[in-house]
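Student: Add chains B and C to chain A, keeping to what the hints say.
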Amino acid sequence: MNLPKQWRLKGQRYRLEGQRHNDGRVRFPAQPAKLGEAQDAWQPYQLATTGELFSWTAQRSNRSEFDHEPIVIVGIIKLADGCLITAQLTDCEPSELQIGMAVEAVTRSWGKVGEDDLLVYGYKFRPQLID
Amino acid sequence: MRQPERPVGIVGYGAYVPRYRIAAQEIARVWAASEGALPITSKSVPGPDEDTITMAIEAGRNALKRAQIDPQQLAAVWVGSESHPYSVKPSGTIVAEALGTSRWISAADWEFACKAGTEALSAGMGLVGSGMADYVLAIGADTAQGRPGDALEYTAAAAAGALIVGPAQQALATIEATVSYVSDTPDFFRRADRPYPMHGNRFTGEPAYFHHVSTAAKQLLAELGRTAADYHYAVFHQPNVKFPQTVAKQVGFTPEQCQAGLLAGEIGNSYSAASMIGLCAVLDVAQAGDRILLASYGSGAGSDAYSLVVTEALVAARNLAPRTSAYLKRRQLIDYATYAKWRGKIVE
Amino acid sequence: MQQVFIAGTACTAVREHYDRSLLDLALDALRGAVGSFDPSLIEALYVGNALGDTLSEQSQLGAYIAGAAGLNCEAVRVEAAGASGALALRQGYLAIASGQADVVVVLGVEKATDKLDADVQSALALGLDGELERAVGLTLTGGWALLMQRYLYQYQLPATALAPFAINAHANGAGNRNALYRFAINAQKWANAGQIAEPLNMLDCSTVADGAAAVVLVSERYAREVAQPIVIVGSASSSSTVALAQRPDLLWLEAAATSGTKALQQAKLDRDAIDLIELSDPHGIAAALSLEALGYAERGQATQLAAEGVIAKDGSLPLATAGGYKARGDVGGATGVYQVVELVAQLRGQAGANQVAKAKTALAQCLGGVGATAVTHILQVAEV
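Residue numbers (the working numbering), protein chains in the order written: chain A, 1 to 131; chain B, 132 to 479; chain C, 480 to 863.
For the record, the hints were derived by calculation from the structure and aren't laboratory data.
Some clues are possibly wrong.
[Claimed, not checked] Ranges of calculated distance between the beta carbons of each label pair, as one might list FRET restraints: (1) C:656 - A:82: 32 to 40 angstroms; (2) A:82 - C:706: 53 to 61 angstroms; (3) C:637 - B:201: 47 to 55 angstroms; (4) C:633 - B:199: 36 to 44 angstroms; (5) C:834 - A:5: 47 to 55 angstroms; (6) C:481 - A:80: 53 to 61 angstroms; (7) A:80 - B:472: 54 to 62 angstroms; (8) B:472 - C:665: 36 to 44 angstroms; (9) B:472 - C:828: 27 to 35 angstroms; (10) A:114 - C:633: 35 to 43 angstroms; (11) A:82 - C:639: 29 to 37 angstroms.
[As the list claims (entries may be wrong)] One side of the interface only, derived from the structure: several residues of chain A facing chain B at Cβ under 7 angstroms: (12) 10; (13) 14; (14) 15; (15) 90; (16) 91; (17) 107; (18) 109; (19) 112; (20) 119; (21) 131.
All C-beta atoms, glycine included, are put in the ideal place defined by N, C-alpha and C.
Isolated chain A, as found in the complex (with noise of 0.2 angstroms):
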């Protein structure tokens, strides 16, 4: 069980916390400046929560950890700020999804880590809610 990652991944997971630009690109998540480039030219930044899918697939082949479940749907999530995400879609069916449509971030579980059940949360993508 690797309790530290978990725990160290909490920002970017409950809040997409990625980073800025001073040119104003977005990148997700935070990570080191790549070689080049100056240290301070990212700053922390808070990910969009809506935008609309990117792409998608509905796996029906799944690895041991979400083999309990028939269908595991993926989809690249292009944020309003620009920047690409891959995630999980929840609250929906394959039959639904069209590229282009409008999705929403939401927190949800990512299932369980170890023997006595860590339980890990972290952004999934569902069409957005029709109020």
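Tutor: Same frame as chain A, but now just chains B and C:
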């Protein structure tokens, strides 16, 4: 009757109901109960990636949007539930971290069966009303469990309601006063190592729910020198449709006054969330000056009653987050097999 | 820089070798490739393997296999997911080209079937970004499916546009006795296949199986003693961001383009000089994007190469002549070495039923993960 020294109110509110429903008919199909006696039409079911914490987070985010405050201004994040995912480890710290609060807050989990959420609300009134803090987030959230085939299985549902208590000047609805009434009544309970609660059937009615809720509500009205006619809306804890309707009549309310806040028919008994999302649904439609009576119930047993008055600020604020009806409209029926799998009722 | 030649080659059949261990497979391939060559001349062993630590619970595969083979020499395991074997070949190439060695052996080996499917999926997904992709549940197949879905949307194509790649691979696999699937499929069958990771269906997904392949690389000094030596005229590898969402262009396999261009430049060849080609083609979309990255088709046009028969055995750019990932079988980190063994057989005119006429120059490109690593080799019949 309790009233804070510094006037307080609800400055933000948010509801959450999962997407999935199971029809009571579908449960009856599997368990051969008589169709005439079904207590509700359908109940909400959490998706396989949802629990009390995730629902509390979404309700909390909705409340923050309406309050238009920075999460860093919260002084406390309190989560009331009888289905905290951990027995030991607070839900509150996870919810607070997800909401992006300051770390200098009080974060704790409350437990009082179905009124754990309003316990947090009353405590929030104390913290804000005393001047110790400006904003407290009180959440009631549950993914309730019912033993397969048990009467509880028809109603044990999932939802979350979040209320932010703050100074009355910024309130969407001020809280005039509250009472709490409790007694040792074993109508419903669950030991830590048991998966499902024990339910006292008809014993949960007269000496438990009806006695505590009507006593608290009547006492509050009496001390305020009011009658039910002074209120536009009343919200009671709703384990089913019939109980709140019956207790409303006992206290003197009409079905019309209760309609906006009575959600149990569609989503079942969402335990700690039930009375709080009932209030959210009322705040979605109420107008400035409207008076609302709220009375929760928790088995074991007790009731918290509140008198609220809607302010001018409500109408603009309610559009800042999804209304309760948006979650109610989003409705995907599932069959009993899916329900049993998701709720961990299939023994592997 | 010394020229680098391929002497002996060998591979095991690609199968679910339940009765054979990683070591059994490795030694079969090594023995076959080394043949009657004096093993005491071998100066280094490069092992390409992707999943050994997880699926075989064995690391330090270099020493592990060298010891079992009786080689007390430099022994290195190279890991770059599916590109492991190709990258091992490149390490062997560099050892000889630099003059450090005159004889090395490159082995690609993968033993995937000791674990159940879900565990294999877990292991394969280690080649994705662990925190950003694997942790959210993406599988390696799912990664390619995300590219395919976007590709179909971007270029307004039906999924069936990708079918000719698998149909071509199966047609060729039928003639390769080492292939996992030795039967042909047709468009009808393809269209009716069940979904694995929508829009990827079962007949658009390769099967991971067991296998080992080995080649002996030698300098010119030893090449003179080899019958039909093959010379490596181009060798290049490159990388791009592992996480798909962080790539500037989701449908452009940057590493594949870069390594392909560099290998062709080194060989001083135009891409049209290539007589046949091996690609990482676990799915049609992988083959299509690779062909576009290598410049054989404009963006969005690669499916036409398949539809028009360009990639067929008698076309102008035969692809997957031994069955490719789809029919030969996906041998994980061993793939890069299999590709070269198969191309060498073609260049030597020993490809049997699948022999391509007048094959003089061949290109093998092997990808790791969803193209984060790309390794390209160009082989030619040597004139020593």
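Student: State for each hint whether it applies.
Tutor: So, going through the hints one by one against the coordinates:
1. The hint said 32 to 40 angstroms for the Cβ distance between residue 656 of chain C and residue 82 of chain A, and at roughly 52 angstroms that hint is violated.
2. Residue 82 of chain A and residue 706 of chain C have their C-beta atoms about 59 angstroms apart, which keeps the hinted 53 to 61 angstroms range intact.
3. Taken as a hint, the range 47 to 55 angstroms holds for the pair residue 637 of chain C and residue 201 of chain B, whose Cβ atoms sit roughly 50 angstroms apart.
4. A beta carbon spacing of about 40 angstroms between residue 633 of chain C and residue 199 of chain B agrees with the range 36 to 44 angstroms that was offered as a hint.
5. Between residue 834 of chain C and residue 5 of chain A, the C-beta spacing of about 52 angstroms keeps the proposed range 47 to 55 angstroms intact.
6. For residue 481 of chain C and residue 80 of chain A, the Cβ-Cβ distance of about 56 angstroms falls inside the hinted range of 53 to 61 angstroms, so the restraint holds.
7. In this structure the supplied range 54 to 62 angstroms is violated for residue 80 of chain A paired with residue 472 of chain B, their Cβ-Cβ distance being about 35 angstroms.
8. The hinted range of 36 to 44 angstroms is satisfied by residue 472 of chain B and residue 665 of chain C, whose Cβ atoms lie roughly 38 angstroms apart.
9. Distance hint check: the CB atoms of residue 472 of chain B and residue 828 of chain C are about 58 angstroms apart, inconsistent with the given range 27 to 35 angstroms.
10. Our hint of 35 to 43 angstroms for residue 114 of chain A and residue 633 of chain C holds, since their Cβ atoms are close to 41 angstroms apart.
11. Evaluation of the 29 to 37 angstroms hint for residue 82 of chain A and residue 639 of chain C yields a pass: the beta carbon distance comes to about 33 angstroms.
12. Annotation: interface hint on residue 10 of chain A holds; nearest CB of chain B at approximately 6 angstroms, less than 7 angstroms.
13. Because the smallest distance between the Cβ of residue 14 of chain A and any Cβ of chain B comes to about 4 angstroms, under 7 angstroms, the interface hint for this residue holds.
14. Because the beta carbon of residue 15 of chain A sits about 5 angstroms from the nearest beta carbon in chain B, less than 7 angstroms, this interface hint is met.
15. Interface restraint check for residue 90 of chain A: the shortest CB-CB distance to chain B comes to about 6 angstroms, inside 7 angstroms, so the restraint holds.
16. Because the beta carbon of residue 91 of chain A sits about 5 angstroms from the nearest beta carbon in chain B, less than 7 angstroms, this interface hint is met.
17. Annotation: residue 107 of chain A was flagged as interfacial toward chain B, and the flag holds, the nearest CB pair being 5 angstroms apart, inside 7 angstroms.
18. Taken as an interface hint, residue 109 of chain A checks out: its beta carbon lies about 5 angstroms from the nearest beta carbon of chain B, inside 7 angstroms.
19. Restraint check, residue 112 of chain A versus chain B: the minimum CB separation of about 10 angstroms is more than 7 angstroms; hint violated.
20. Restraint check, residue 119 of chain A versus chain B: the minimum CB separation of about 6 angstroms is within 7 angstroms; hint holds.
21. At about 4 angstroms, the closest approach between the beta carbon of residue 131 of chain A and any beta carbon in chain B falls short of 7 angstroms, and the interface hint on this residue holds.
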